[in-house]
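There are 2 protein chains.
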Amino acid sequence: MTGRRDHREDAEPAPAPGQAGGGGPDAAPRSVGRRGLLSAAGAGILAGGMLGGFGGFAGGRASAEEPAPSDPLDRSYPLRGEHQQGITTPAQDYLFTAAFDVTTTDLDEVRRLMQQWLVAAEQMSTGDLVGGTPLADLQAVPRDTGEAWGYPASSVTITVGAGRSFFVDAEGRDRFGIAERMPEALADGVPRFAGEALQAERSDGDLVIQACADDAQVAMHAIRNLTRIAVGTAALRWTQMGYGRTSSTSTTQETPRNLFGYKDGTNNLKQEDGAEELGRHVWIDRADSGGERLAGGSYMMIRKIRMNLETWDRLRLIEQHEIIGRDKRFGAPLTVPDPTSGEDEFIDPDLAATEDGSPVIPRDAHIRVVSPHTNKGASMLRRGFNYTEGSDSLGRIDAGLFFIAYVRDPRESFFPILERMVSTDALEEYLRHVASAMFVVLPGVGAKDTMFGQALLS
Amino acid sequence: MTGRRDHREDAEPAPAPGQAGGGGPDAAPRSVGRRGLLSAAGAGILAGGMLGGFGGFAGGRASAEEPAPSDPLDRSYPLRGEHQQGITTPAQDYLFTAAFDVTTTDLDEVRRLMQQWLVAAEQMSTGDLVGGTPLADLQAVPRDTGEAWGYPASSVTITVGAGRSFFVDAEGRDRFGIAERMPEALADGVPRFAGEALQAERSDGDLVIQACADDAQVAMHAIRNLTRIAVGTAALRWTQMGYGRTSSTSTTQETPRNLFGYKDGTNNLKQEDGAEELGRHVWIDRADSGGERLAGGSYMMIRKIRMNLETWDRLRLIEQHEIIGRDKRFGAPLTVPDPTSGEDEFIDPDLAATEDGSPVIPRDAHIRVVSPHTNKGASMLRRGFNYTEGSDSLGRIDAGLFFIAYVRDPRESFFPILERMVSTDALEEYLRHVASAMFVVLPGVGAKDTMFGQALLS
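First to last, the protein sequences are chains A and B.
In terms of full-length UniProt numbering, the first sequence opens at residue 1 and continues consecutively.
In terms of full-length UniProt numbering, the second sequence opens at residue 1 and continues consecutively.
In case anyone wonders, no lab produced these hints; they're calculated from the structure.
All clues given are correct.
Which residues of chain B face chain A? A few of them, derived with a C-beta cut under 10 Å, are: (1) VAL141; (2) ILE223; (3) LEU236; (4) ASP313; (5) GLN320.
Since we're looking at a predicted model, the values are computed, not measured.
All C-beta atoms, glycine included, are put in the ideal place defined by N, C-alpha and C.
With the hints as extra help, turn the sequences into a complete structure.
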């Protein structure tokens, strides 16, 4: 009755939004591919190694030469490489992130945890369970909790990082004797901004694990088992589930929509921008502060942003357009003469265009405020997700954006944009920042490494 | 760059668990189909009308004669039929449920809401937005919030019900002049049980909407827009997101695993059990209390059950087996001589088998306690989901089962089992019931109906 997988049939390619879009009510791109790896050909390019590092895309047990499976539930990614997985990996649909407080004072115990996490993460990233296939020994406590047993790898990725408080305690004291290895960006910490309502217990943390997958249960399984392994060494501080990725990290993906209904992250960095561009904006370089032990890593910048959906939903369409600076339908930047005429999401916004003396993209429009053109070329790679957490006492859905960005140096390419955003972005009236965290994501796991953060912790 | 959907390639069928299972470490059913519509042939049976009612499975815009799309993101189901959708529909991967308190005292306003909900639900169930393709009128407030625009229907279903408090207030007073139409099962209410820790604000409600989909964002979109339509007439009371369906409602689906790692709901009713069996156990009959206006409906029984994962995870495998009464690997009921030898999940548990004078399936094992054999043949159709809601102050993942069952009469086939479970089931030591609700699900929407619950509210 079970066990046979369903045969996927070739689907007819749907027309591209641009092709479909004649403006009539039936022209909507109603059934574009949700997960949107464009085609077997596109996947083939990926398999050819554009992910860089130690071989790129591993489709199940297939080698790098074979095309990647087109069903995201069948995909798996290698854990080892120049960079950690889960950053430029095509963004999956579901997220489970957990921050931990380290409870030991012994660096050797931390190293042991990083070894155990590596073994378990590598097993889970192939769709295996922790300890491999379990359940042979009836008298033993199972090493894996089992809720993903028999489930495919589902594109799962596991990404590990460390926060400021991993290096120094609240009084600035060296916790494990490696405080001098802390990079300056972490030491400086996250600046505070006006209008924040940050919950301390939902912010920060000594360590972080980001698990992404195309099946929420597989992501949950990863976090649960890594949390279990940590018992006695590190304890959960906060967790976050996310759905409906709000960013693409690859040009092979559709741009998704956020909970305000807009395509989000159109102009952010993508995997295909290539090693030079990603090296400039995403990856920590040897020459950067802390780079001798952290090169190949990145900074994971987290902002949990509640979105006031009910207020937003009462705005007229033109108001929404002008706050975002884009058309809601196709995601195209506003143009003259008709702000809805544009159908190409990817054209460069014309920030200089005016109509009757006023900028077509308003001065406080979101895309102008965060544009690289107005931020000295600063770019980030985004990997955010929507969240929904019940409803509040007023009966409003408690929902928003769990924003995640990866940057090479947040002091240059994140904090200045965040400050411009909270002070001048028209969108901020509908947002509330409720949690914040910054972690240095450890470099990729080398072929012979035996723990996450080998260079940092050895 | 966007808009072309990915070509699904035919996947090799993986071996069935029974075929694969030689007990060695490589014999695990590691890549069985997660969503598990077995094959195009299986889908063809569905398309042939086994769902009953007004034509069954509508694959996108395909007619009932065409096979249903094998990609669950491409599926859609007709809203109208003898029964509401979202009950016997093959269980989707994600859930968003919302309960509402009615804020008006005017039955005509409730009727208007039920009309508006029907129009919107019918549009959304085809993958359309509320009001059809929006965003033509820049000066108007968009009728749809837009976050699922361009997303496929993703198997979304929308199911509407009413609670006891819809008919009578806390003092038993008739709210809308239709209290005499309240069926006895609702009037009696849900009995209280020992050991419950029910949160009133997360329990009960006047109305309920269950939205299920294979994309969480599509389910969220449905609830959000229906909530918005209700403003002024009904307000959110509580919401619940769920993932990783813990039940199958069709034999074409794999049995999923719950957060204790066990296959769940193996022996519960399935769509394929047929009209007679479902009529006996699931659908309200004309002759039942309230049946003249509710025939074709059902009772939606909700229990939010927190699972003590950390405690469970410390049990030895044999202890877990004996608490559940099944093998963790294949889900087979325990047998003699070797409790792990069974590989067939679907064989009937041998409740009489003994070994050394003791029952092989222990007296307090979960499957014995809830078995139809020990409950006068009572059966239910289950449609539960896992939930995870951050972590508690002790750093434990706050997670569990959002249990949903559909039954014809909870007094016969749900409350007695629940009482046996809370008083004698070994599993209860690891569970905590934190919320409870009961709704009568309205009959299916007839071809000419203009509102949900037409027979009840006319």
